[in-house]
Each structure stands twice: as C-alpha cells, then as structure tokens.
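Chains U and Y, in that order, give the protein sequences. Per our numbering: the first sequence = residues 1 to 330. Per our numbering: the second sequence = residues 1 to 342.
Note that these hints are calculated values from the structure, not bench results. Remember, predicted model here, so these are calculated numbers, not experimental data. All the given hints hold, so there is nothing to weed out.
Interface residues of chain U toward chain Y, partial, derived using beta-carbon atoms under 7 Å:
1. 137
2. 138
3. 140
4. 149
5. 237
6. 240
7. 241
8. 265
9. 268
10. 271
11. 273
12. 276
13. 280
14. 287
Every residue, glycine too, gets a C-beta built ideally from N, C-alpha and C.
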Amino acid sequence: MATAAATTRLHRRTIGLRRAFAPIAEARGFARGMLWTGAGLTLFFVALAIFAPLISPYGFDQYQSGGHRFAQLAHPSHSHLFGTTVQSTDVLSRIVWGAQTELEVVALALVFGLLVGVPLGLFSGYFGGAFDRGAVLFMDAMFAFPPLLLAIVIAFLLGSSVNSGVLVAAIAITVTYVPQYFRVVRNHVISVREEPYVEAARALGAKPTTILRRYVFFNVVQNVPVIATLNAADAVLTLTALGFLGYGVQPTQGAEWGYDVSRAVSDAASGIWWTGLFPGLAIVLLVTGLTLLGEGLNETINPVLRKRAFRRVDFAASPSQALASETLEP
Amino acid sequence: MGVQGSSLKRYAITRLALVIPMLFILLTLVFVLMRVAPGNPVSASLGGHVPPAVIKQISHQLGYDKPLYTQYGHYMWDVVRGNFGTTISDRRSVGSIILVNGAATLELTFFAVIVALVVGLVVGLLAGRYRDSPIDAGGRLFGIVVYATPVFFLGLLAQLVFGVWLNWLPTSDQASPITQALLKTHTNIFFVDAIIDGNWGALWDVTKHLILPATTLGLVYGGVFIRLIRINVIRTLKEDYIEAARARGINERSVVYRHAFKNALVPVVTVIGLQLALLLGGAILTETTFNWPGLGHELYIYLQNRDYAAVQGIVVLFGLVVVLASIVIDFVNAFIDPRVRY
Numbered sequence: 001m002a003t004a005a006a007t008t009r010l011h012r013r014t015i016g017l018r019r020a021f022a023p024i025a026e027a028r029g030f031a032r033g034m035l036w037t038g039a040g041l042t043l044f045f046v047a048l049a050i051f052a053p054l055i056s057p058y059g060f061d062q063y064q065s066g067g068h069r070f071a072q073l074a075h076p077s078h079s080h081l082f083g084t085t086v087q088s089t090d091v092l093s094r095i096v097w098g099a100q101t102e103l104e105v106v107a108l109a110l111v112f113g114l115l116v117g118v119p120l121g122l123f124s125g126y127f128g129g130a131f132d133r134g135a136v137l138f139m140d141a142m143f144a145f146p147p148l149l150l151a152i153v154i155a156f157l158l159g160s161s162v163n164s165g166v167l168v169a170a171i172a173i174t175v176t177y178v179p180q181y182f183r184v185v186r187n188h189v190i191s192v193r194e195e196p197y198v199e200a201a202r203a204l205g206a207k208p209t210t211i212l213r214r215y216v217f218f219n220v221v222q223n224v225p226v227i228a229t230l231n232a233a234d235a236v237l238t239l240t241a242l243g244f245l246g247y248g249v250q251p252t253q254g255a256e257w258g259y260d261v262s263r264a265v266s267d268a269a270s271g272i273w274w275t276g277l278f279p280g281l282a283i284v285l286l287v288t289g290l291t292l293l294g295e296g297l298n299e300t301i302n303p304v305l306r307k308r309a310f311r312r313v314d315f316a317a318s319p320s321q322a323l324a325s326e327t328l329e330p
Numbered sequence: 001m002g003v004q005g006s007s008l009k010r011y012a013i014t015r016l017a018l019v020i021p022m023l024f025i026l027l028t029l030v031f032v033l034m035r036v037a038p039g040n041p042v043s044a045s046l047g048g049h050v051p052p053a054v055i056k057q058i059s060h061q062l063g064y065d066k067p068l069y070t071q072y073g074h075y076m077w078d079v080v081r082g083n084f085g086t087t088i089s090d091r092r093s094v095g096s097i098i099l100v101n102g103a104a105t106l107e108l109t110f111f112a113v114i115v116a117l118v119v120g121l122v123v124g125l126l127a128g129r130y131r132d133s134p135i136d137a138g139g140r141l142f143g144i145v146v147y148a149t150p151v152f153f154l155g156l157l158a159q160l161v162f163g164v165w166l167n168w169l170p171t172s173d174q175a176s177p178i179t180q181a182l183l184k185t186h187t188n189i190f191f192v193d194a195i196i197d198g199n200w201g202a203l204w205d206v207t208k209h210l211i212l213p214a215t216t217l218g219l220v221y222g223g224v225f226i227r228l229i230r231i232n233v234i235r236t237l238k239e240d241y242i243e244a245a246r247a248r249g250i251n252e253r254s255v256v257y258r259h260a261f262k263n264a265l266v267p268v269v270t271v272i273g274l275q276l277a278l279l280l281g282g283a284i285l286t287e288t289t290f291n292w293p294g295l296g297h298e299l300y301i302y303l304q305n306r307d308y309a310a311v312q313g314i315v316v317l318f319g320l321v322v323v324l325a326s327i328v329i330d331f332v333n334a335f336i337d338p339r340v341r342y
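Throw the hints in and build the complete structure from the sequences for me.
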C-alpha cells in the first residue's frame, strides 16, 4: 500500500518534471541549436574547472619544473601547447585554472545577487508603499552608473580590506546585478499580485508570507533561470574586465583570463600573439556558451518566442508565410 | 494641438521632478562609497613617505579635516554650482579633466556609436526580415559572438593584426606627437579642431588613430543593436497594420521597407540612451587598451594613484551624463510617441 502511494507520488513528480522540461525537448531549429551548443560549451568549462588538477599540465603560477626554469615567451610547442608568458608560466595551465576562478566568482555572484535581489523584489513589489518607492528610486540611481564603473569602484574600495580576491570580485559584480534582479522580480510580482488566484488565497485568509511563498514566488521565479544565465555571461565579462584593469582576483591568488590579456597587450606590440589569443578565446567561448544557453532557454521557455516541433498554430502571418507569399508574388 | 502641448509640458515637469531625488541619491551614494573607505584620502593618494604635517596641511586646505556631514554639505553645494572638486595627486580641477579628457571620450564614443548603428542596422534588419534563414542564424551568431568578446580582447586582436602584422594603423594615443603639438585647441576634440583649422594632414592623422579604437568599441556595442533591431523587426512584422497593409495588396517589399522597418527603428533611440552606461563602461576598457586619453583612461590612472577626489568627481560625472541622457531620450520619445506621456 505504502509503495503504491510512493509510486503514484513518483509518477506524479515525473509528470511534473516532464512538463517542466517539455519545452526543452520540443525545442526546434535555431533555439535547439543554441540551447545544446550553449550547454555543451558551458559544461566543457565546468569540467575544465572541476578537473583542473588532473587536466592542467602545471600549476597556474608554476614557472619551473624538475629544477629548470621554463623559457620566457616560448612559442607554442609540444612541451607548452599554448606557449609560455613573460613570467615563464604555461599559458594552457593558466587557462585551465582560470576556468576555476571564473566559475567560482560567477557562481558566488549569482547566489549573492539572487539572495539579495529576489527577496527585495518580492517584498517591494507585493507590499508596495513607501518602501517600494524608496527602493525603486535607489535602484534606479544605481542603474545610472555604468555597471563596470560601479564594479571597479566597489572592487577598488574592498581591495584593501578584504583578502580574498574571489570574494571582492563576487561582491563587486553582485552590486551591479542586484538592481536588475530587483527590477525584474518586482515588476513581475506587481502583475501577479492582482491575479485571481492570489486574491483567492487572500480571501481564504492566507498570511502574506504564505501567499508570497506559495503563490507568488513560484510564478515569478520562472523568469530567473533565463536572467541568471544571461547575467552569468555578463558577470564573466565584468570579472575579466576587472582583472584586465588589475582589480578583483590578484595574480598571486589565482589565474584570471582578463589579467592575462592585460599582460599580453605589451607582448602584442612585438608580435607575440599566444599570450593574449588563448585566454581571450577562452573568455569568448565561455561567454558565448552561457549566452547561447540563456537565449536558448529564453526561446524555449518563453511562450511568446517559443516555436514547437509540431503544429504551428500561428494564424497571423508568420515570417515564413510572409516569405512564401512573397515568392508567390510576381 | 493645445491639448497635446499641455500634456507634453505636464509630462516634462513630472519627469524633471522625479530626477531631483534620483540625482540626490546618486550623489549621496558616491559620497558614502568614497568616504566609508578607511583612512585619510590625502595620505592614501600621496603615499607613505609624506610628512604628517604636510598631510595635515593639505587635508585642511581641501577640507578633509572637517566632520563628515560638513564635508557632505560642501560637496553637495559644490556639485550644485558645477564644481566637481580638485584632484589630490596632481591638483587638477575635475572640471578641466572633463573638458580635456571628456572631449577625447566624446570623440571616441561618437564614432563608436556610428559604427555600432551601421553594423546593428544592417545585420539586425536583415536577420529580422529573413527570420530563421541562414542569414538570420549567421547574423544572430555574429551578434552573440561580438557580445561575448571583451572589448579589450578585440582591441588586442586589432592591434596585432592591423597595427603590428599589417602595420596599417597606429595602435595607441589620440594623435601622433607632432599633430598634438601643432594642432590649435578650439574644442579639445581633435577631429573637430583639425576641421576648424583646415589642417587636413592632422585630420588624416587623427582619423587613422581613431579607426581601431572606434571600430573595436563600436563592434562590441553593435551586438546589442543587432539583437534589439532583429526582435523589433520580427515583432513589427506581426502587427495588425502590417497585415492590413498586406491585405490592401501593397507589395511585400514596400510593406517591409516602408511600414515595418520604419516602425521597428523607433525604439532604437531609446536603446541608444539605455545602453549609454554600457558604452561608457566599454569606453573605460577601450581607452585603457589603446592608451586613449579619455575619461576612462584618467579614471584608471587616478584609481591606481588612489586619488579619491578625482575618482569621486569622474564617477559623479558618468552618473550625471547617464541620468541626463535618459531624460533627453524620454523627452524625444514623448515627443514622437504620445502614448508614452502620462
């Protein structure tokens, strides 16, 4: 009897899961390509970060092996696939370890950003009033700063008092993204707040916290994966920009791709390309991966943009029809 | 017309009234950020080897020995009067930094926006028009990769290819030293100064120096336009009035070019304004990469010198520019589209 109940529960849950993931399975065309390419690229870097100790030939700041120092600015070769830097470190190793730094910071920044931005947006949007007005004004003022500028200033101010560069960078990035989460969540809450099912819950005497937790939160939170993935892409760009300017993760603390590119600018003048090209490409690939994943998710989850595998019930002239009608026209 | 005029006026007043508390918060935010940092800003920017008496004297001169609320009051009053303060490390007035280096940033960003618009319009319109075709896929992929490329990395590649390997274009500074020495200053914008003087040699030199930084920044910024214009075109093509135009038998080409594209372009004005913050952020990196003497480059140097006063002044200016630009954009929108006014 108990097992039967468990089975139905499990069954119900798999149905729920299947329904949640249905759009992903139904995704077709460019959206499908974006989703899977993005997921593949992202997973590649996640694997690189997790297995860095196994994959990386050397340490991120190792400049010698077996008692003899590596050559400075050596061309890519068999012993150093991507060459070496001016400090004799191995470019490939720095990229592999760099994946760890980038993903650590981005994960921290996302968690911080969600922890601060989402509850604030929920509260502000649901209860409204003076708090809401004040919060909106404050967030709008934050929005007026170029995000990178804000991140630089925060990293600059924290740099002297917080020891962990990863933490400094994560906080700096968080500050720039909180207003975004806040805005999206708050605006969504405001539209959900007046829905009949919320009103029904209120009429039944549910406490505001229950309404927020059970009815509003899950409706609003659906938007979050898309924003979070796209913000993760943005966060990598901000982190590497900070590194490029010498803020955030310090060279002694870990490998950071943006910092590597900044060191390569002076190499470029003498035609040395490998110290900048490879870390730069790593940034481009990771950000492309995260962006494709986010956009792909957006197009598969968002019903306005979504295109399904079967039956296209779009009676309004869809662009493909427009194309067809044009080819028919003389 | 009278009704329209008054609603526009009411909108303008409401919008301006809302700006005041926002500017107040913005200024306070910068002040708090820059002053909660421990330590005396004067000793931070002058380094450890300056005698305490000198530090005390300079602190007194610049008002850093007064209580914080007095400093805050002075700072707010100064900003209201258009005085952004004086740097500690080299005693320049922030106002002159804005005039000289701001001109360089203006030159760079102006041409970058042009590059971005050209790239964004061409790719975005084509991708949206031929949705789901190879053109669309290619255009979107281009947009995403361009967005994913850090502006400093694109700059590095440009320097390698066009500066070092092909040796076609200079890779740093705003002009060659001779041009800088000979060019008379009218506006501080080298490009305009050269035209005013009719100095075509200098103009060519300035243009050559502009090409790489402006294209780099413009390409990255253009990625945003590609995305937005594409989506707009797709949305516009689904509108009822497009359907109506088709139903009237207007041929497809004119439906697309005369009805759809024009309307798809209206939000672009807004987007330029909204993305101004992104553009300025990109300018900081581009200027650092190309040693371009703009505000971002100065900010970078003052940050390294831990010159809090200079950083504060430049950060406030960036914030002000973005806020003012957003007002201008809102007015333009309200003027074009009556639905915006409330």
